[in-house]
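J.: Sequence:
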Amino acid sequence: MKKFEVYKNIRKRAMIFGLPISLFALMMVSIVASLLVIIFSFGLGIILGAFILNCCLYIVLIRLAKNPQPIQLTHPFPKIITNKKATLFDYEED
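Going by this note's numbering, the sequence shown opens with residue 6, and the numbers climb by one from there.
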């Protein structure tokens with residue numbers, strides 16, 4: 006009989022429309038904001054502009070989700086982790 010391992014980290018790799026959950030939330034915020042702009046200032050140019058902006062944002066987010074390396078500017082973790090208080094006193098030199 007086969008035994009299956011429980012996969013507990015399913016939320017780490019969850020995807021909605023090809024985007025991770027955090028980027029999908031950003032896309033939804035953009036859509037809601039554009040809908041509010043369309044409602045309060047109705048015009049054909051505004052509708053087309055919001056549609057094009059949301060499409061461009063979706064394309065950029067898809068590309069960032071596939072290749073996240075260019076947006077990482079610093080190292081995710083420090084070289085040394087310590088609980089010492091940061092001070093300018095140097096006790097080794099007299």
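Mixed in with the good hints there might be a few duds.
[Stated by the list, open to error] Using C-beta positions, here's what the derived DEER-type ranges look like:
1) 7 to 34: 26 to 36 Å
2) 94 to 11: 46 to 56 Å
3) 93 to 58: 41 to 51 Å
4) 47 to 19: 48 to 58 Å
5) 36 to 72: 48 to 58 Å
6) 27 to 84: 49 to 59 Å
If you are wondering where the hints come from, they were derived from the structure by calculation, not from laboratory data. Think of the CB as a built atom: it goes at the ideal place given N, C-alpha and C, for glycine as much as any other residue.
J.: If a hint holds in the structure, say so; if it doesn't, say that too.
T.: Do the hints match the structure? See the list:
Our hint of 26 to 36 Å for residue 7 and residue 34 is violated, since their Cβ atoms are close to 43 Å apart. For residue 94 and residue 11, the Cβ-Cβ distance of about 51 Å falls inside the hinted range of 46 to 56 Å, so the restraint holds. The beta-carbon spacing between residue 93 and residue 58, approximately 49 Å, falls within the hinted interval of 41 to 51 Å. Checked against the hint of 48 to 58 Å, the pair residue 47 and residue 19 fails, with Cβ atoms roughly 36 Å apart.
Taken as a hint, the range 48 to 58 Å is violated for the pair residue 36 and residue 72, whose Cβ atoms sit roughly 24 Å apart. Distance hint check for residue 27 and residue 84: the Cβ-Cβ separation is about 27 Å, which falls outside the suggested range of 49 to 59 Å.
Checked against the numbered hints above, the structure violates hints 1, 4, 5, 6; every other hint is satisfied.
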